[in-house]
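For the sequence shown, the working numbering begins at 1 and goes up steadily by one.
By construction, these hints were calculated from the structure, which means they are not laboratory data. Any given hint could be a false lead.
[Unchecked claim] What follows is a list of derived Cβ distance ranges for each label pair:
1) 75 - 36: 10 to 20 angstroms
2) 38 - 71: 24 to 34 angstroms
3) 59 - 24: 25 to 35 angstroms
4) 23 - 53: 14 to 24 angstroms
5) 23 - 60: 31 to 41 angstroms
These figures come from a predicted structure and were not determined experimentally. Just so it is clear, CB atoms sit at the ideal spot from N, CA and C, and this is done for glycine as well.
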Amino acid sequence: MTHSASSAAFTIVSSHPSSQPGRWPTFEDILYGLHRNGIYLHPHQLAEFLLRHGLPVDLEYVPPHLKQKAIAINSNYQGDMARLEERDDGPWYSEQLGIRG
1 MTHSASSAAF TIVSSHPSSQ PGRWPTFEDI LYGLHRNGIY LHPHQLAEFL
51 LRHGLPVDLE YVPPHLKQKA IAINSNYQGD MARLEERDDG PWYSEQLGIR
101 G
């Protein structure tokens, strides 16, 4: 990864208001950062990208045809980048994309 690519990734990740130093970005942090930088992905597209690279994704974001793969990756993942987060409200993009009721 070049320095410019690294800087771009930092901008994408750190632009979400909930970003805090010293923690890995959440799925929503990444998606929000991409949107702020003009890269408009549906949450399912980002989830598919992460799964194709062997990274865990909360099943809420996974398209139905990839649920079994996501379950397998999530249950076998040994890295330090994943943790289950609980929240009371829906994601910031839910109304815009109409993916939650």
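Hint-by-hint comparison with the structure:
1. 75 - 36: 10 to 20 angstroms: Distance hint for residue 75, residue 36 is violated at roughly 32 angstroms.
2. 38 - 71: 24 to 34 angstroms: Since the Cβ atoms of residue 38 and residue 71 sit about 33 angstroms apart, the hinted range of 24 to 34 angstroms holds.
3. 59 - 24: 25 to 35 angstroms: With a Cβ separation near 19 angstroms, residue 59 and residue 24 fall outside 25 to 35 angstroms, so the hint is violated.
4. 23 - 53: 14 to 24 angstroms: The hint (14 to 24 angstroms, Cβ to Cβ) holds, given that residue 23 and residue 53 are roughly 20 angstroms apart.
5. 23 - 60: 31 to 41 angstroms: violated (20 angstroms)
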